[in-house]
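Chemist: Sequence:
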Amino acid sequence: QLPDLIGGIGAPEAEWAELSARAVHAYYAGDTEQALEYAEQARRNAHEQSDRFTQAETAILLGHALARLNRLAEAMAAYGHVLTLFDLPGATHLVAEAWAGLASVALVQSQLAQAQAYIEDVLQALAAHPHAGLDEPFFIYLTCYRVLKANGDPRAATVLQAGQRLLHEYADRITDEALRRSFLENVAAHHELMSAAAKVITLGASAPA
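Here the sequence shown is numbered in the working numbering, starting from 3 and rising by one per residue.
Mixed in with the good hints, there may be bad ones.
[Said to hold, decoys possible] Here are the simulated lysine to any residue pairs, SDA-like style, with alpha carbons at most 20 Å apart:
id : residue 1 : residue 2
1  : 201       : 137
2  : 151       : 167
3  : 201       : 170
4  : 201       : 158
5  : 201       : 129
It should be emphasised that the hints constitute simulated quantities derived from the structure, not laboratory data.
Please construct the entire structure, taking both the sequences and the accompanying hints into account.
Modeler: Next comes the structure, spelled out in structure tokens:
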């Protein structure tokens, strides 16, 4: 049982923000069970509000935590809820992270054709909105790379390089060197994106002319 974290904060929006922040922190720290608990509390709070962005961000958090815990059917339901919330014209950039989540689940299940189908939707969104997504754009780029690579799609390296460039754009805004290093190295998706890009560069440099 979690303690009463919010105490005297009365506004539902403030309570949701606090719970979501704690969920994100626990997730990035690798404490996925704790992240899921906070995300579940945030979900209950979000349903008391009418704001679809709040509900969608919570669903993304749930999806990521559930997927990491291998609760794949529940993760797919969480990501699918985001698609329902933003089933609107011109909202493809808002569901890109949910599509990427569904693609990552399909990839784990070796459903490569289905994963590719989701990624095609993501790539269309990224073409118009390079910063697409509600929470973690670099999870989107990393998932695109993994799915494209698994399918032998030559666009994999291009997507990876685009994600790396965007990551460095974000990092260059951080003036504190320790925080910048932490941003690049201590967030799993960021670290994995950079590592994958470094391997691609190394392989390219070692390829015969």
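Chemist: Now tell me if each hint is right for this structure.
Modeler: Hints, verified against the model:
1. 201 / 137: 26 Å, violated
2. 151 / 167: 19 Å, holds
3. 201 / 170: 17 Å, holds
4. 201 / 158: Holds, because 13 Å separates the two Cα atoms, which is no more than 20 Å.
5. 201 / 129: At roughly 25 Å apart (the allowed maximum being 20 Å), residue 129 and residue 201 break the hint.
This entry does not satisfy hints 1, 5, going by the numbered hints stated previously.
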